[in-house]
Amino acid sequence: MSKLTLKTEGDTHIIVTRRFAAPPEAVYRAHTDPKLIQKWLLGPEGWTMPVCNIEPKAGGKFRYEWKNGKGGGFHITGEFVELEPFSRIVHIERMHLPDATPDNHVETRFDADGTGTLMTIRMTLPDTQTRAGMLASGMEPGMEASYVRLEGMI
Amino acid sequence: MNSLDAAFSALADPTRRAILARLAKGEATVNELTKPFEMTQPAISQHLKVLEDAGLIVRRVEGAKRPRRLANAGIAAMDQWLAMLRKALEKNYDRLDGVLAEMELKKGEKR
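Which chain is which? The protein sequence lines are B and C, in order. Numbering-wise (the numbering used here), the first sequence opens with residue 36 and increments by one. Numbering-wise (the numbering used here), the second sequence opens with residue 10 and increments by one.
Keep in mind that the hints are not guaranteed to be accurate.
Said to hold, decoys possible - Listed next, the stretches of chain B that the computed footprint assigns to chain C, with coverage defined by at least 3 CB atoms under 8 Å from CB atoms of chain C:
no., stretch
1, 57-67
2, 139-146
Claimed, not checked - Among chain C residues calculated to face chain B with C-beta under 7 Å, some are:
no., residue
3, THR38
4, LEU98
5, TYR102
6, LEU105
7, VAL108
8, MET112
9, LYS115
Bear in mind the hints are in silico, worked out from the structure with no lab data behind them. Quick reminder that beta carbons are idealized off the backbone N, C-alpha and C, glycines included.
Produce the entire structure from the sequences given, and follow the hints as far as they go.
Take a look at the structure:
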């Protein structure tokens, strides 16, 4: 049984939901503490996140760098818009391939669900084509790597 | 091959997915596509033919140029890659389950 749902909404949104056994405070911390983020936000097997700089406050910046151990990698930069411990994070992010992708506006909610948490991520892209492009080549390091290679790193 | 099979077969190749991602940013000619991909023009043209035959992209005529852009079917087909994206996300969140369980364990030890 998959606990994850992922769907598009309207022309520009992507909605992801996932339930966790832990309470909202723990899930929120796992999204804002770099030591914790580096343990799980890794994509496919073999990828690591050697750089995780994060300033979790309104206006604060973050930078995540991933490597696949075979010379490939890419990074994401972003800014926090709003943080409401332990229920909500609003941020803007973009991937660097190395050219920056259009901004992805992301709202992440952590709602108490029994003794656990229902997390809801709502992404807003500038337009339908950007969303399609992101889903085709982005958000997933394995696929991203092939795109980066194709961009001229061979 | 029905159109869905053709679309998925076309999408199975990373170069073609990357071409679609490039076209998602706006239309482009073969020349414009050849440069960033560091492939020969015939190789790119062959990929474009597969994408076109699958109904994922369309071309228009502008003088000697034949700029390609995404067809609506191309946008829809890429939405199908949500399934792949779901897999990557699931892996992350399965890992996060483990991290959260560890946090809970440490909290218990401190008590």
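Hints, verified against the model:
1. Taking a C-beta to C-beta cut-off of 8 Å, the stretch 57-67 of chain B contributes 5 residues in contact with chain C, enough for the three needed, and the coverage statement holds.
2. Figure legend: the stretch 139-146 of chain B, annotated as covered by chain C; annotation inconsistent (0 residues with Cβ-Cβ distances under 8 Å, at least 3 required).
3. Of the supplied interface hints, the one on C:THR38 is violated, with its beta-carbon coming no nearer than about 17 Å to a beta-carbon of chain B, more than 7 Å.
4. The restraint placing C:LEU98 at the interface with chain B holds, with a minimum CB-CB distance near 6 Å, inside the 7 Å limit.
5. Taking 7 Å as the C-beta contact cut-off toward chain B, the hint placing C:TYR102 at the interface holds, the least distance being around 5 Å.
6. A distance limit of 7 Å between C-beta atoms decides the matter here; for C:LEU105 the minimum to chain B is near 4 Å, and the interface restraint holds.
7. For C:VAL108, the interface hint holds, the least distance from its beta-carbon to any beta-carbon of chain B being 5 Å, beneath 7 Å.
8. With its C-beta approaching chain B no nearer than about 5 Å, C:MET112 sits inside the 7 Å limit, and its interface hint holds.
9. At its closest, the beta carbon of C:LYS115 sits 11 Å from a beta carbon of chain B; the interface hint therefore is violated under the 7 Å criterion.
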